[in-house]
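Each chain, written out:
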Amino acid sequence: MNKIDDILTRLRGQQPVIDNPDMLTDRIMDSLPDIGEEQPKRKRSIRIYAVAAITAAAVMLLLFALRDRPEPPINTPVTAQRTAIPKDSISETKEIPVLPVKQETPKMAKTVETKPKQTARRTQTRVVAKKETSATDSLDFYIDKIERELAQVDESLYIERMNKVIRADERLQRIVNSYILHNLDKEGRPQTADNFDNVTPEQNEE
Amino acid sequence: MVQIESEILVRCQCGDKAAFRSVVERYQRMVFSLALKMLADEEEAKDVVQETFIRVWKGIRSYDLQKPFATWLYTIASRLCLDRLKTKKGLVSQPGDLAVLQQFASDDDSHRALENREWISLVRMLAEGLSEKQRLVFTLSQMEGLSSQEIEQITGQDARQLKNNLYVARQSIRKRLKDLGYE
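Sequences listed follow chains A and B, in order. Just so you know, the first sequence maps onto residues 1 to 206 in the working numbering. Just so you know, the second sequence maps onto residues 1001 to 1183 in the working numbering.
Cut-off 20 Å, straight-line C-alpha distance, at most; resulting in silico cross-link-like pairs (SDA-like, lysine to any residue): (1) A:3 to B:1103; (2) B:1163 to B:1134; (3) A:3 to B:1118; (4) B:1133 to B:1176; (5) B:1178 to A:4; (6) B:1175 to A:12; (7) B:1133 to A:12; (8) B:1175 to A:2; (9) B:1175 to A:10.
Quick caveat, the hints were computed from the structure, so don't treat them as lab data. From a predicted model like this one, the values you see are computed outputs, not experimental measurements.
With the hints as constraints, model all of the structure from the sequences given.
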């Protein structure tokens, strides 16, 4: 056997000695975790994950359900037709009209007639919440409502209601005018907003 | 490899620390031997021993009693050693290491137990230039005396890879010893 083989053979099977084996054993034993303690943590973490997964699944299902829910039908807006009204019947008052042109709460109204056609009654409406609407949606709704009411009232009430409609229309025209003015200012064109203001007592036909 | 009685391991699986202490006392020197020869550092070797048994304890309940326990122990210890070697610089022999080798080679008393510092010097001399995997297979085969089948299970290398790594390691060490004047 050559020297190299001798060296390797002598090294084989020899194991180094631990200086203080008991101390190393104690050190190892002291560092051992309690196996019983780990399981509750694992179970607790599993429970937490399970609860989180179930919650997430429930939220997802809820979102899908809400998304798939069919939206209530929207009444198609009917353009109100203006009729000629005597000038002196138009009230000068500037009271706030009946129509609440609101910027919030989009609501779809469902009118319920409680009395025959001849008598004027305040219709009761049942509001169904709608997810996303705008002021114009609300306006359409109220225009529909006005048309329905006007069809049911007698002539005296009709005139009164129409006056209110006209006043509301004036307000709407002011909103539109200011919008147009704003755009004109942006474009730098000469202001011709007066031409758009066509609801003035003087211009109404008699 | 000496295998421990399965009854002791079953008690360990039930959380019996006293039974596990007997396992530690029986196998800690084996793990320390591997770690010292791999890392050439006594304190690091003890750290590996401690970490090995902590992992064994944590995984004892899922351990398959049909498989050799020592193989599982070597597997864990080997991986811990390889992880540590990744962060260390390669082994470089020190000025006094050659003298230790010469002393060992010329020693007529072949049964004299080496001191740990001598082991470290010899490892540095012999393993210089080897890759981590080559050093591992050489240590398990030539120094720990394990069979090829056991080494395959421990390292996860197939027979071809093992054979290649072992061949390269042996050739490298032989050349090194030859360069030092040993034939």
